[in-house]
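My request is simple: use the sequences and hints to build the entire structure.
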Amino acid sequence: MINQLLASRRSLFLGLVLLTFTVTSCLGLAKGSEPNVTLIGSGATFPAPLYQRWFSEYNKQKPAIQVAYQAVGSGAGIEQFTQGTVDFGASDVAMKDDEIKKVKQGVVLLPMTAGTIVIGYNVPDQKTGLKLSRKALGDIFLGKLQKWNDPAIAKVNPDAKLPDLPIIVVHRSEGSGTTAVFTKLLSKISPEWKEKVGDGKAVDWPTGVGGRGNEGVAALVQQIAGAIGYIEYGYAKPTKIPVANLENKSGQYVEPNTESALKALATAKLPDNLRVFITDPEGEGVYPLVTYTWIMAQKQYEDKVKAKTLKEVMTWSLTEGQKLSEEMGYVPLPQQTVEKVKAALAKIQA
Amino acid sequence: MTAATSNADIQPRSSTDKLLDQSFSRLTLVCAFSVAAVLVWIAIVVGIQALPAMQKFGLGFLTGTKWNSAKETFGALPMIYGTLVSSLIALLLAVPTGLASAIVLSENFLPRSIRTTLVFLIELLAAIPSIIYGFWGIFVVIPFLKGIGTWLHQYLGWLPLFSTPPIGPGMLPAGVVLSIMILPILTVLSRDALASLPSDLRSGAYSVGSTRWQTIFKILIPAAFSGIVSGIMLSLGRALGETMAVTLVIGNSNDLNFSLLAPANTISSLVVSQFSEATGLQKSSLMYAALVLFAITLIVNIWALIIVRKVKQ
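Sequences listed follow chains A and B, in order.
The opening residue of the first sequence carries number 1 in my numbering; numbering runs sequentially from there.
The opening residue of the second sequence carries number 1 in my numbering; numbering runs sequentially from there.
Hints listed in this document are in silico derivations from the structure and should not be mistaken for laboratory results.
Please read all numbers here as calculations on a predicted model, not as lab measurements.
Watch out, some of these pointers could steer you wrong.
Simulated restraints on C-beta separations [unchecked claim]:
hint	chain 1	residue 1	chain 2	residue 2	range
1	A	Gln52	B	Val308	48 to 56 Å
2	A	Asp125	B	Ile306	46 to 54 Å
3	A	Lys101	B	Thr63	57 to 65 Å
Below are the DMTMM-like pairs computed for lysine to aspartate or glutamate, each with C-alpha atoms no more than 20 Å apart in a straight line [to be verified]:
hint	chain 1	residue 1	chain 2	residue 2
4	B	Lys146	A	Asp164
5	A	Lys144	B	Glu72
6	A	Lys194	B	Asp9
7	A	Lys194	B	Glu72
8	B	Lys71	A	Glu195
9	A	Lys196	B	Glu72
10	B	Lys56	A	Glu255
11	A	Lys196	B	Asp17
12	A	Lys237	A	Glu255
13	B	Lys283	A	Glu99
14	B	Lys283	A	Asp204
Note that the Cβ used here is the ideal one computed from N, Cα and C, for glycine as well.
This is how it looks when you write it as structure tokens:
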């Protein structure tokens, strides 16, 4: 009896195994027409909302292609890309020459979008464009300017009623490309900042509290009365935090928007390696805190299908994808730049 | 059944049985050693990575107050201070509360059904992910403590501990959030220690005429002391190493400030904040800081062992 039971069980098991094989092989055949490709990328948090939107939109159009993007930070992005654990990397600070040398397959730097960094603030009854002079901005982050009603702020905002409230600086607690861009500007406009603090992805902040990520800074600025902090515009936009008009090198107070950001991008010519930093741009109506952000791809991929797919996805992002940029709070690349990046994309061998 | 038949049932064990027994005991041995080996391994890897920073800064790392990656000078004193003080605040708040609830839950002050429910709820506290504690800290604890902090600064501002006006995130909220996070471990372990005492102790104490008060504080707590201390030490270990919740509420300022109302930082929060973007000497310094945290936990544990031994004598 027991033996009989065992025997029937065994045949059932065999049947199941056979069935599994047939099903999988059938699926395999079905797949054959359009192969599933998954690309994995990691890096900067700054453009992450836009990249994730792009890749999900692309996936809707071509369900066989999936691009997974992990916002782990620019530094980690460069490292993972160099080690070859991801298909592409992303960074707000373009890879340096010695970093590029470490990648055997070669590197193509692709500026994919540009972002504006805004100075968000939380001052009761000040809902729109407070003006901040270059000196005031430097002194606030140095901790020298401590009250919102300080003459240095009041002088350029004659119509604003500024409260007797301490200024609380909010900065990033972790290393970040956003911090690197912001501290570069501070080093340019304040010699004291350059000497005492310097620039980098993480610096020794003279004052203030640290929030984790752009979203952390935005949350703290919203919560603390008297707070001021730098936030990537894409993160600040949905929160409706009031943002400051900054004084540019030409002495104008400029509101951060797509137009003023594009003007800033226009001040710097993209060299052939597509690596350019726009620090303290000069000119009419130029907003001073704008940066490109890059995707790093290998020049040669072992897997030709991956290379081809990557080129397709990036081409789509540079053309159709740019239409989503403004809505997400990023700066759409000018047509000229797009052509240059497409030319760089062609260097990837597929 | 007689004794003779039951003796006959015992057969000499076969060699396969013996082999199985032996291999099982060896397997357990390997498991036990591998736990220790993993610990040593982690320490070695962290140590090797920390080597460049150790060579550069030496012991000055422990007293340095600047953490500046742009200038490549790294000192961990503000973070060491932050780690110790935030954990100390957590213990100061959690030990009395935890011990009190352990006593209530192990004595028969309340009907059993209510006690079981309470124990379950306290254990549930331990199951909440730390990120949730962090967000709860931001949106509930920080606004709540702001009023208290303002009062403390206004009336006790002459004390260095309250010398800065509260701005929201800081050492005090971090300590309070930590205290709630460690409460379940502390309470449950202390309760278990108290509940597992032999009932003779209690009846003996009553029979020589002790009051309930005397029984609890003179007999039961000293008898369960080693269990309670190990509960405290385990919870301290969690407080020292807690990362996510702390990094959200402590303010992440790497400046040394004695005020509890000012933003501060802890070692684990520093490491989690900076590690992903760190390279070269900064990465090595973070490893060094992690090694310091390792050493602090080791010292705390050894210290706990010594206390328990002394009390037992």
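Which numbered hints does this structure break?
-> Of the numbered hints, 2, 3, 5, 6, 10 and 11 do not hold.
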